[in-house]
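Build the full structure now, drawing on both the sequences and the hints.
Residues per chain are reported as follows:
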Amino acid sequence: MSCHVTAVAEPLQEKIPTPPGATPRMRTVALIGPPNCGKSTLFNRLTGMRQKVANYPGVTVEHHSGRMKSIGRNDLTLIDLPGIYSLATYSEDARVAVEVLTGKMPGVPKPDCVLLVLDATHLNRQLMLAAPVFSIGLPTLVLLNMSDQLEARGGKIDTLALARELGHPVALISAAQGRGLEAIPDFLLRAGSKLDDGLRPVQLPVLQSAASCRSWATQVTARTKYQSPAASLWTRRLDSVLLHRVFGPLFFLVVVIAVFQVVFTLGQPLSDGMGTFLTGAGAKAAMLLPDNWLRALLRDGLWNGVQSVLVFLPQILLLFLFIGILEDSGYLARAALIADRVMRSIGLNGKAFIPLLSAYACAVPAIMATRTIENKRERIATILIAPFMTCSARLPIYTLIIAAFIPNQRFLGGLLGLRALLMLGLYVIGFLAALITAKMLNSSVMKASHAPFILELPQYRWPTVTSLGLRLYDRGKLFLKKAGTIILGVTFLVWVLSVLPIHGGQFSALSTSVIGHLGHWIEPLLRPLGFNWKIGIGLLSSIVAREVIVGTLGTLYGMDPATHSLGLQVALRHDITLGGAIALVVFFAFAMQCTSTLIIVRRETNSWKLPALQFCYMTTVAYVAALVANQVISRLF
Amino acid sequence: MDVLALSDAKVGSAGVVERVDLPDEVSHYLAHLGFLPGTSVEILRRAPAGDPRVYRIDGVEVGLRNETAKHIFLRVISDTADNLPTETIEAA
Numbered sequence: 009m010s011c012h013v014t015a016v017a018e019p020l021q022e023k024i025p026t027p028p029g030a031t032p033r034m035r036t037v038a039l040i041g042p043p044n045c046g047k048s049t050l051f052n053r054l055t056g057m058r059q060k061v062a063n064y065p066g067v068t069v070e071h072h073s074g075r076m077k078s079i080g081r082n083d084l085t086l087i088d089l090p091g092i093y094s095l096a097t098y099s100e101d102a103r104v105a106v107e108v109l110t111g112k113m114p115g116v117p118k119p120d121c122v123l124l125v126l127d128a129t130h131l132n133r134q135l136m137l138a139a140p141v142f143s144i145g146l147p148t149l150v151l152l153n154m155s156d157q158l159e160a161r162g163g164k165i166d167t168l169a170l171a172r173e174l175g176h177p178v179a180l181i182s183a184a185q186g187r188g189l190e191a192i193p194d195f196l197l198r199a200g201s202k203l204d205d206g207l208r209p210v211q212l213p214v215l216q217s218a219a220s221c222r223s224w225a226t227q228v229t230a231r232t233k234y235q236s237p238a239a240s241l242w243t244r245r246l247d248s249v250l251l252h253r254v255f256g257p258l259f260f261l262v263v264v265i266a267v268f269q270v271v272f273t274l275g276q277p278l279s280d281g282m283g284t285f286l287t288g289a290g291a292k293a294a295m296l297l298p299d300n301w302l303r304a305l306l307r308d309g310l311w312n313g314v315q316s317v318l319v320f321l322p323q324i325l326l327l328f329l330f331i332g333i334l335e336d337s338g339y340l341a342r343a344a345l346i347a348d349r350v351m352r353s354i355g356l357n358g359k360a361f362i363p364l365l366s367a368y369a370c371a372v373p374a375i376m377a378t379r380t381i382e383n384k385r386e387r388i389a390t391i392l393i394a395p396f397m398t399c400s401a402r403l404p405i406y407t408l409i410i411a412a413f414i415p416n417q418r419f420l421g422g423l424l425g426l427r428a429l430l431m432l433g434l435y436v437i438g439f440l441a442a443l444i445t446a447k448m449l450n451s452s453v454m455k456a457s458h459a460p461f462i463l464e465l466p467q468y469r470w471p472t473v474t475s476l477g478l479r480l481y482d483r484g485k486l487f488l489k490k491a492g493t494i495i496l497g498v499t500f501l502v503w504v505l506s507v508l509p510i511h512g513g514q515f516s517a518l519s520t521s522v523i524g525h526l527g528h529w530i531e532p533l534l535r536p537l538g539f540n541w542k543i544g545i546g547l548l549s550s551i552v553a554r555e556v557i558v559g560t561l562g563t564l565y566g567m568d569p570a571t572h573s574l575g576l577q578v579a580l581r582h583d584i585t586l587g588g589a590i591a592l593v594v595f596f597a598f599a600m601q602c603t604s605t606l607i608i609v610r611r612e613t614n615s616w617k618l619p620a621l622q623f624c625y626m627t628t629v630a631y632v633a634a635l636v637a638n639q640v641i642s643r644l645f
Numbered sequence: 012m013d014v015l016a017l018s019d020a021k022v023g024s025a026g027v028v029e030r031v032d033l034p035d036e037v038s039h040y041l042a043h044l045g046f047l048p049g050t051s052v053e054i055l056r057r058a059p060a061g062d063p064r065v066y067r068i069d070g071v072e073v074g075l076r077n078e079t080a081k082h083i084f085l086r087v088i089s090d091t092a093d094n095l096p097t098e099t100i101e102a103a
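Taken in sequence, the protein lines are chains A and B.
End of the first sequence = 645 in the numbering used here, gap-free, step of one.
End of the second sequence = 103 in the numbering used here, gap-free, step of one.
Just so you know, the hints here were simulated from the structure itself, not pulled from any lab data.
Fair warning: there could be bad hints in the mix.
In silico DMTMM-like cross-links for lysine to aspartate or glutamate, where the CA-CA straight-line distance does not exceed 25 Å [what the hints assert, rightly or not]:
1. K21(B) / D32(B)
2. K81(B) / E29(B)
3. K77(A) / D194(A)
4. K447(A) / E190(A)
5. K384(A) / E36(B)
6. K21(B) / E100(A)
7. K81(B) / E464(A)
8. K617(A) / D568(A)
9. K60(A) / E190(A)
10. K384(A) / E78(B)
11. K384(A) / D35(B)
12. K447(A) / E29(B)
13. K447(A) / D32(B)
14. K112(A) / E29(B)
15. K617(A) / D194(A)
16. K490(A) / D299(A)
17. K233(A) / D280(A)
18. K60(A) / D583(A)
19. K384(A) / E29(B)
Listed next, with one range per pair, are the computed distances between beta-carbon atoms [to be verified]:
20. R86(B) / T628(A): 53 to 59 Å
21. N82(A) / D32(B): 39 to 45 Å
22. V22(B) / A266(A): 43 to 49 Å
23. Y98(A) / V22(B): 47 to 53 Å
24. R86(B) / K617(A): 50 to 56 Å
25. V22(B) / M282(A): 47 to 53 Å
26. V22(B) / W242(A): 16 to 22 Å
To be clear about the criterion: a stretch of chain A counts as covered by chain B if any three or more of its residues have a C-beta under 8 Å from a C-beta of chain B, and this derived list gives those stretches [stated by the list, open to error]:
27. 249-255
28. 461-467
Glycine residues also receive a C-beta, built at the ideal position from the N, C-alpha and C atoms.
Given below as structure tokens:
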């Protein structure tokens, strides 16, 4: 028995408390570990599910559960938890992890045993969490993850010696490559049947201050002859360029511009091809139906609406491919470091950068990611400004308007296009609105706080084809699902309202229908922005979700006899001015057209006050900005 | 040996953490990243704007603003990173 910890006045830790009475059945297994050690990668391996994984700390902010199907243990539920450094909690995500682990989270059963995941390449530091986790008293398997990295960089671990030192079984695994995982079913079997694993309980640092855990961890690694791996030479070399005073920001800018350029040069032709195919397919399918109201509904109403959104699939996937590469490679944390100066000047913590960056995909996960921000006021500020970041749902209306109204002019030998530049401009004004809002909050409601900027920089890793492929697959599926549910539903409603009321068995003409009346009624309000009543209906319908406007416009222009045979781009060019078109995308840059975001803000702040304020504020900004854009452009051109 | 604020140490130099003078909730977090007395730390590089700077502590790279780093003190051991001791901590 190894007893080695000094200055301890508490009794020994019992390894497994024997429950009184009958043998209880094992049901729940918790996955715990420090941030960015690969818990979610392992979770996905063991359950066959697809929780989001990426190469930066704080990806998981909620608990997720799944059955351990992949190792044939359908009877066991595995709970994936946010990463923690200790059982003391300063942020929302850490609180969730500790409450679940100690059985205090309502609605989540107390775990019967624990898989403690540690990054094998930084064992000294990662082991600090082991002592507090062991002290909870549950059977625990220690999984030293990233064995591939450890070996590649010349590190060594004696797992048997470590198991003896810790008094708990230890296995070396690579969750990313699926190696060493056989230790897990073996452990679960033993833990379930209380088989002796031959390990003796050991004394742990009971004071559990960071310093005592640390010195204990260092002693353990020293006694087990742990050799930490050499620093990754690649990471150092890359950083000396990517964080360089001149090349760093330059690279950052090039990456951003490249994203938009590729969305147009590669995405637009793909999207056009898809449009041609879908229109053709719709027309062919419509020929099979008799020429009656049903055909009108299916082709002019639903198909026109849904397909005008579907054609943006290639652009959305390209955007997510880029986001995936940035997140998986580890560059995201560097970008946060480069951007900290700007964030600080507006009074935001550099930690707000990662949630804000993920808002470029979607504001909903971004708002949840603010849970990693310890300071409450900064968290609220970040939640308030996140929807100004240009999310992927704005991409369809942006690309539609830009492709319809902006000539495909190129500069710098064809490398840079006017369309990509305008798109970049829209992203920039969204970002500026966020900055200015944060600045205003900071100088009025939120007094500058002094939560420090502390950011771990992960090693660079190659994004794997599988991981990127799965992300795109999931994203594509989500997009198609949205097109098949929300967009289809709203489109159907728009169609119904555009043929009612029925007079003597005849549908109304578009302009005398319910929706025509509604549109004409709100038109005076939108006229100064350069919008006509159809755009107005589009705006109303897009409060559900931003993409919906494209579907609604597809339906409305498809139903109008004047524009029936034209594509949506051409129809728009005939119907609104350049000023109105630019005003429309400017409106979308600022407006809060997203019910899901409002609901998540309500959930995260526990009140309707913030989402209501956010909606009114953003809509006002959007209206004023669109008004200015239309007035200025219609005077200039 | 000189005791310096981490924010004043030159890029490329290395030393051992002497003490951390920060509020509990910050020093707690830093401690779990390795910022504890006795741990060796190396000043790796500056972000393009000069601040934050990147420190290598315990095999991990951590970015800190100077406003935080000026409350962490280190005993400088070398001005170049080459002869850094590999093991990190004194026994408690």
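Hints, verified against the model:
This hinted pair checks out: K21(B) and D32(B) have alpha carbons roughly 20 Å apart, not beyond 25 Å. Among the hinted pairs, K81(B) with E29(B) is consistent with the structure: their alpha-carbon atoms are about 13 Å apart, no more than 25 Å. As the CA atoms of K77(A) and D194(A) are separated by approximately 15 Å, the hinted pair is consistent with the 25 Å bound. In summary, the hint linking K447(A) to E190(A) is not supported, as the alpha carbons are separated by about 53 Å, beyond the 25 Å threshold.
Of the supplied pair hints, the one linking K384(A) and E36(B) holds, its CA atoms being roughly 14 Å apart against a limit of 25 Å. Pair hint K21(B) plus E100(A) does not hold up; C-alpha atoms about 36 Å apart against a cutoff of 25 Å. Taking the CA atoms of K81(B) and E464(A), the gap is near 18 Å; set against the 25 Å cutoff, the hint holds. As the CA atoms of K617(A) and D568(A) are separated by approximately 41 Å, the hinted pair breaks the 25 Å bound.
With a CA separation close to 23 Å, the supplied pair K60(A) and E190(A) stays within the 25 Å bound. A C-alpha spacing of about 21 Å is found between K384(A) and E78(B), which places the hinted pair at or below 25 Å, so the restraint holds. Using a Cα cut-off of 25 Å, the hinted pair K384(A) and D35(B) holds, with the two alpha carbons roughly 17 Å apart. Using a Cα cut-off of 25 Å, the hinted pair K447(A) and E29(B) is violated, with the two alpha carbons roughly 37 Å apart.
Taken as a hint, the K447(A) and D32(B) pair is broken in the structure, with Cα atoms around 29 Å apart against an allowance of 25 Å. For the hint pairing K112(A) with E29(B), the CA-to-CA distance comes to about 38 Å; that exceeds 25 Å, so the pair is violated. Simply put, K617(A) and D194(A) have alpha-carbon atoms about 51 Å apart, too far for the 25 Å limit, and the pair is violated. In summary, the hint linking K490(A) to D299(A) is not supported, as the alpha carbons are separated by about 29 Å, beyond the 25 Å threshold.
For a cut-off of 25 Å, the pair hint linking K233(A) to D280(A) is broken: about 61 Å separates their Cα positions. The suggested pairing of K60(A) with D583(A) is violated, with an alpha-carbon distance near 43 Å, which exceeds 25 Å. The hinted pair formed by K384(A) and E29(B) fails the criterion: a straight-line CA distance of about 31 Å is larger than 25 Å. Range check, R86(B) to T628(A): about 56 Å between beta-carbon atoms, so the 53 to 59 Å window is met.
Checking the proposed 39 to 45 Å range against N82(A) and D32(B) shows it is violated: the Cβ atoms sit about 53 Å from each other. Against the hinted window of 43 to 49 Å, the Cβ-Cβ separation of V22(B) and A266(A) comes to about 30 Å, which falls outside the hint. The hint said 47 to 53 Å for the Cβ distance between Y98(A) and V22(B), and at roughly 30 Å that hint is violated. The hinted range of 50 to 56 Å is satisfied by R86(B) and K617(A), whose Cβ atoms lie roughly 51 Å apart.
For the pair V22(B) and M282(A), the beta carbons lie near 51 Å from each other, so the given range of 47 to 53 Å is met. Taking 16 to 22 Å as the suggested C-beta distance range, the pair V22(B) and W242(A) conforms, at roughly 20 Å. With a cut-off of 8 Å between beta carbons, the region 249-255 of chain A has 4 residues touching chain B; three or more are needed, and the interface restraint holds. Requiring three or more residues with a Cβ within less than 8 Å of a Cβ of chain B, the coverage given for the region 461-467 of chain A holds, as 5 such residues are present.
Comparing the model with each numbered hint stated earlier shows that hints 4, 6, 8, 12, 13, 14, 15, 16, 17, 18, 19, 21, 22, 23 do not hold.
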